[in-house]
Amino acid sequence: MSKPERWNLRRVFRLPATRARVRADVDAELEFHIAGRIEELMAQGLSRTDAENEARRRLGDFANIEREVERVSRHTERRRTIGDHVEALVSDVRYAVRSLIRQPIFTAVVILTLTLGVGATSAIFHAVDRVVLHPLPYPNADRIAYLGTQWGKTPPIGAVAPRRFQFWHDNSRIFDALGVSTTIGPVVGDDGGAPVEGIRVTQAFLRVVGAAPIIGRSLLARDYTADAAPVVLLGHSLWVSRFGGDRSVVGHTVRLDGTTYTVVGVLPASFEIAELATPPAVVEPLVFSAKALEDVGANYTAVGLLRSGVSRKQIDDDVARMTANYRSAFPERIAKDEGDIVAMTYGQIFAPDLAPQLWIMLGATAFVFLLACANVANLVLARALTRQREFAVRAALGAGRSRIVRQIVVEMLLLGVASAAVAIPASLATVRGLVELAHRSLMRDSQLHVDTRVVVLTTLVAVGAAVLIGLVVAMATTSANFTRSLSGSARTNATGGSTSHRGVRGLLVGIESAIAVVLLAGAGLLISSFFNVLHVDGGFRREGVYTATVAHPPLDYKTHDASLRFAQQVLDNLRATPGIVDEAATVTLPLQRGTNMPTTVEGRNDLTEGASEWRAVSPSYFRTMDIRLVAGRDLSESDVAGTTPVVLVSESYVKRFFNGENPIGRRILVGCYKGCPRHAWEPAREIVGVVRDVRDMSLEQSAPRHTVWVPLAQITNDPGVPAFVVRATDPSVAATALRRAIADAEPRMGMPDVAAMSDLVSASMSWRRFSTVLMVCFAALALVLTCVGIYGAASYAVSQRVREIGIRMALGARPHSVVALVVRQGVMPAAIGLCVGLPVALALSRVLKTLLFGVGPRDPMSFAAVAIVLLGVAIVASYVPARRAARVDPARTLRME
Amino acid sequence: MPRRTPNAPSADSELGLLRGTLDLFILKTLSWGPMHGLAILQWIERTTRQRLQIEEGALYPALHRMEDKGWLDAEWGHTDVGRRAKFYRLTPDGRRQLSNTIIKWNQYAEAAALILSAKGVTP
Numbered sequence: 000m001s002k003p004e005r006w007n008l009r010r011v012f013r014l015p016a017t018r019a020r021v022r023a024d025v026d027a028e029l030e031f032h033i034a035g036r037i038e039e040l041m042a043q044g045l046s047r048t049d050a051e052n053e054a055r056r057r058l059g060d061f062a063n064i065e066r067e068v069e070r071v072s073r074h075t076e077r078r079r080t081i082g083d084h085v086e087a088l089v090s091d092v093r094y095a096v097r098s099l100i101r102q103p104i105f106t107a108v109v110i111l112t113l114t115l116g117v118g119a120t121s122a123i124f125h126a127v128d129r130v131v132l133h134p135l136p137y138p139n140a141d142r143i144a145y146l147g148t149q150w151g152k153t154p155p156i157g158a159v160a161p162r163r164f165q166f167w168h169d170n171s172r173i174f175d176a177l178g179v180s181t182t183i184g185p186v187v188g189d190d191g192g193a194p195v196e197g198i199r200v201t202q203a204f205l206r207v208v209g210a211a212p213i214i215g216r217s218l219l220a221r222d223y224t225a226d227a228a229p230v231v232l233l234g235h236s237l238w239v240s241r242f243g244g245d246r247s248v249v250g251h252t253v254r255l256d257g258t259t260y261t262v263v264g265v266l267p268a269s270f271e272i273a274e275l276a277t278p279p280a281v282v283e284p285l286v287f288s289a290k291a292l293e294d295v296g297a298n299y300t301a302v303g304l305l306r307s308g309v310s311r312k313q314i315d316d317d318v319a320r321m322t323a324n325y326r327s328a329f330p331e332r333i334a335k336d337e338g339d340i341v342a343m344t345y346g347q348i349f350a351p352d353l354a355p356q357l358w359i360m361l362g363a364t365a366f367v368f369l370l371a372c373a374n375v376a377n378l379v380l381a382r383a384l385t386r387q388r389e390f391a392v393r394a395a396l397g398a399g400r401s402r403i404v405r406q407i408v409v410e411m412l413l414l415g416v417a418s419a420a421v422a423i424p425a426s427l428a429t430v431r432g433l434v435e436l437a438h439r440s441l442m443r444d445s446q447l448h449v450d451t452r453v454v455v456l457t458t459l460v461a462v463g464a465a466v467l468i469g470l471v472v473a474m475a476t477t478s479a480n481f482t483r484s485l486s487g488s489a490r491t492n493a494t495g496g497s498t499s500h501r502g503v504r505g506l507l508v509g510i511e512s513a514i515a516v517v518l519l520a521g522a523g524l525l526i527s528s529f530f531n532v533l534h535v536d537g538g539f540r541r542e543g544v545y546t547a548t549v550a551h552p553p554l555d556y557k558t559h560d561a562s563l564r565f566a567q568q569v570l571d572n573l574r575a576t577p578g579i580v581d582e583a584a585t586v587t588l589p590l591q592r593g594t595n596m597p598t599t600v601e602g603r604n605d606l607t608e609g610a611s612e613w614r615a616v617s618p619s620y621f622r623t624m625d626i627r628l629v630a631g632r633d634l635s636e637s638d639v640a641g642t643t644p645v646v647l648v649s650e651s652y653v654k655r656f657f658n659g660e661n662p663i664g665r666r667i668l669v670g671c672y673k674g675c676p677r678h679a680w681e682p683a684r685e686i687v688g689v690v691r692d693v694r695d696m697s698l699e700q701s702a703p704r705h706t707v708w709v710p711l712a713q714i715t716n717d718p719g720v721p722a723f724v725v726r727a728t729d730p731s732v733a734a735t736a737l738r739r740a741i742a743d744a745e746p747r748m749g750m751p752d753v754a755a756m757s758d759l760v761s762a763s764m765s766w767r768r769f770s771t772v773l774m775v776c777f778a779a780l781a782l783v784l785t786c787v788g789i790y791g792a793a794s795y796a797v798s799q800r801v802r803e804i805g806i807r808m809a810l811g812a813r814p815h816s817v818v819a820l821v822v823r824q825g826v827m828p829a830a831i832g833l834c835v836g837l838p839v840a841l842a843l844s845r846v847l848k849t850l851l852f853g854v855g856p857r858d859p860m861s862f863a864a865v866a867i868v869l870l871g872v873a874i875v876a877s878y879v880p881a882r883r884a885a886r887v888d889p890a891r892t893l894r895m896e
Numbered sequence: 000m001p002r003r004t005p006n007a008p009s010a011d012s013e014l015g016l017l018r019g020t021l022d023l024f025i026l027k028t029l030s031w032g033p034m035h036g037l038a039i040l041q042w043i044e045r046t047t048r049q050r051l052q053i054e055e056g057a058l059y060p061a062l063h064r065m066e067d068k069g070w071l072d073a074e075w076g077h078t079d080v081g082r083r084a085k086f087y088r089l090t091p092d093g094r095r096q097l098s099n100t101i102i103k104w105n106q107y108a109e110a111a112a113l114i115l116s117a118k119g120v121t122p
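As you go down the protein sequences, you meet chains S and B in turn.
Taking numbering that gives the first Met the number 0, the leading residue of the first sequence gets 0, the next gets one more, and so forth.
Taking numbering that gives the first Met the number 0, the leading residue of the second sequence gets 0, the next gets one more, and so forth.
Hints are not guaranteed to be accurate.
To be verified - Pair by pair, the computed Cβ-Cβ distance ranges are:
(1) B:20 - S:401: 42 to 48 Å
(2) B:92 - S:90: 17 to 23 Å
(3) B:83 - S:388: 42 to 48 Å
(4) S:100 - B:100: 43 to 49 Å
(5) S:90 - B:20: 29 to 35 Å
(6) S:27 - B:100: 25 to 31 Å
(7) S:100 - B:92: 31 to 37 Å
(8) S:139 - B:92: 56 to 62 Å
(9) S:47 - B:32: 28 to 34 Å
(10) S:47 - B:118: 44 to 50 Å
(11) B:100 - S:47: 39 to 45 Å
(12) B:80 - S:100: 54 to 60 Å
Said to hold, decoys possible - Per the computed footprint, the stretches of chain B lying under chain S, defined by three or more beta-carbons under 8 Å from a beta-carbon of chain S, are:
(13) 27-39
(14) 46-60
(15) 77-86
Said to hold, decoys possible - With the Cβ distance kept under 8 Å, some of the chain B side facing chain S (calculated, not the full set):
(16) 22
(17) 63
(18) 64
(19) 67
Treat the hints as calculated values from the structure; they're not laboratory data.
Using N, Cα and C, we set each Cβ at its ideal position, and we do this for glycine too.
Could you build all of it, start to finish, from the sequences and the hints given here?
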């Protein structure tokens, strides 16, 4: 009996069987069978032809058998191949887990580093996604675009005038639906519950945002007719709080601000709009009256559902076409400085300041991520080098290079998965704090849901980076010195391949240093900017000033007279309170949103502008806020309705319109652009004084705005109940006095919001604080990682050169010269990284320009500080191993051989 | 992955071969040592003194099916005269399958023998 002599090489090497291979095997087997039979039959005396026929007859339908056997064989091969892979993977994973557990510090540091890199990227990406890209849970979020209004080159605002909307609604070609909304409220019900906020919307609006009622019906065309009965959709929260979630609520009535509305439906809890931090409690139909259509004020949010497949260019073309058409259709409105329509994204409208910051931060995290990768590569390389003997032994026992490469890659795969597992929950936990740090009102609860895209991306990035690092390091370390290190002694390591490995480690440290320089430079510039803003002189007093705002005045405070009487009473009450030094009322608190008003110098329609800052204050405001009078007189208690209308203007206003002339006694028209040809909004006002410029829009405003200050007692419009400011010696006195004065004047006013002026200043810097804190964190992280990298490389170098150092010392080298040697070598890669990183940082700092304040993107002080910090860290990080080297005992190292 | 093992064509010849019997014979034959397909066939023919004709067309699908089940291992080797042939041998699984089947067969044969040798019982 014969014996198998040759093994299937493909099987031995675990190569997959090809289809052709299987077929050839089957053919060979059957041919062998027939040949054997023929011999047998010929031996029994048959002729060759007869024997062949007989053999084929006995076997039966050859092709059929062939097919049959082939089918089974292929199945077997497939199963075997998969089995091989699974088996190999399981054994690799098991081995990798064991070897990682044996080195817990390495494992922990790699996971921590990767987690920091990946987690930071993921958290910022999440924030960008949530705040800028996909902030609202609308079903067609990708196709939603907003319309905004732009005046000249100034940044557009995300609102439009009614006529504008109507024109676009009727003529634009890029939208499937174009809706508009405006916020109402707070509105108060008759049941004494808390006031609620709501919106008025056109019918198309609900279609655009994909809001469908969970109970009842949506708003229909008949709700928009002139004689329609008032109807309302309830927000989910109001439905629950006021109707107890009653499913038969449709048909009930609610009274809001004195009008009775019939409930026709309830919207789902997920329905939100960008303008309100909480979902709207009520949604009413919005119909533009003929009068509203004449309004040039941009006070409505227009949101459209783009037709699917509309390109950016088609949008731009449509905007250009619509602008031209509108300009020729309504020249008189353009003349009223109505501005032009632009298409905007959510981020541009609702997070205009935050969006660029978030993108910059995302860029910064990319650097942090790269740095983390370089550090991990450094660690993995170091570990691979110490395992050279292990690999060499395994190679000698028959493990191929691919097997060892695969083992390292599997280890990295596990580390990547572990990092992702830590990074995902960590970044989800961070993202809320992150955005709150930036701006509280921009974060909604609905934005905090776990997003599968973010989770998948984070996992892919973590695992991908880890595997790639493993692959590169494994290929590099297994390339040439297998056999060399098997014969290995300290000597081969000291002279041979490890020199190139030291080079690789130096390169990695250099890269880390360069990245750290970029991040440090960014952080340095932002820190300078932060302190510059902190020390900006706004032109008004902060210390000892306290403010109070009334959130929800009662319904009957609907006229300016009522508000004025109330304000007068509060000021009288405050004046009578001990501890209050000064007190004033103002429509606009510093650093809050102000009011724009066109102004024209009387008789000079060319001396005009569409948007001067308009402030209405009580006479004591300038004294309270310490805003210095430059010329003329202060407002006085006698500037009331019925006396000569007066106005104070800012220095910049004088500079703009009265170039060198004395403005006192001149008259201006407030509320009029290029004069008031037909109906004057209010009588001309006489300029009685000039006050210093203030930066009361924002401390960072590049130039003071041209401001007109009018007496609160003399205005003819109704800006609502004013806010109050007091100067007091003691914060608690101020807070109590403000609350009491307001409650005594009108018990129904409710609790006012009281804040110190310094807190308002601080709150106005929250976005800046956000980017600064984040960048500083990134830079600190970068510094720590670089420090670890330098330390690791220097320690490794020392351990490799113990003998050489021993010889040097035996030959008379002093310890300090050994220290200098090691430190020099440790600092060198960092210095090279610095030389590369500085120009990169200088080039990149330009993108930070929008975030900088009072410091240029090439501020020499900041960059010098970066260089000093980095070199300092490099020296410290390599000094520790250098000290160890200096304590080497020459006698012992020489005996080591 | 759906596991589809082709059905062996039912083998029947002069003395009709019961379903599953071919597998058993192959297992038994291979218990003597590795053999190629033709040798298995010749061994069965010799042992049964040509009384049992195995349908040759059924042999190879059966061998491959058993390899797929893990009862057999196959390797290419050379015969005594140096011709290349595919050799089959039993795996530990195959050996276990063989002894299980033999036990079942014997039980079956005993039961069958009892029935066939039974004397008629008068009611």
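Evaluated hints:
1. B:20 - S:401: 42 to 48 Å: 47 Å Cβ-Cβ, so the 42 to 48 Å window holds.
2. B:92 - S:90: 17 to 23 Å: 21 Å, holds
3. B:83 - S:388: 42 to 48 Å: At 44 Å between Cβs, range holds.
4. S:100 - B:100: 43 to 49 Å: 46 Å, holds
5. S:90 - B:20: 29 to 35 Å: 40 Å Cβ-Cβ, so the 29 to 35 Å window is violated.
6. S:27 - B:100: 25 to 31 Å: 30 Å, holds
7. S:100 - B:92: 31 to 37 Å: 35 Å, holds
8. S:139 - B:92: 56 to 62 Å: 59 Å, holds
9. S:47 - B:32: 28 to 34 Å: 32 Å Cβ-Cβ, so the 28 to 34 Å window holds.
10. S:47 - B:118: 44 to 50 Å: 57 Å, violated
11. B:100 - S:47: 39 to 45 Å: With a Cβ separation near 40 Å, residue 100 (chain B) and residue 47 (chain S) satisfy 39 to 45 Å, so the hint holds.
12. B:80 - S:100: 54 to 60 Å: Holds: the Cβ-Cβ distance is about 57 Å, inside 54 to 60 Å.
13. 27-39: Held - the region 27-39 of chain B has 7 residues with a Cβ nearer than 8 Å to chain S, which meets the minimum of three.
14. 46-60: Check passed, 5 qualifying residues.
15. 77-86: holds (count 8)
16. 22: The hint is violated - residue 22 (chain B) has no Cβ within 8 Å of chain S, the shortest such distance being about 13 Å.
17. 63: OK, holds: residue 63 (chain B) within 8 Å of chain S, min 4 Å.
18. 64: Because about 5 Å separates residue 64 (chain B) from the closest Cβ in chain S, which is inside the 8 Å limit, the hint holds.
19. 67: 4 Å, holds
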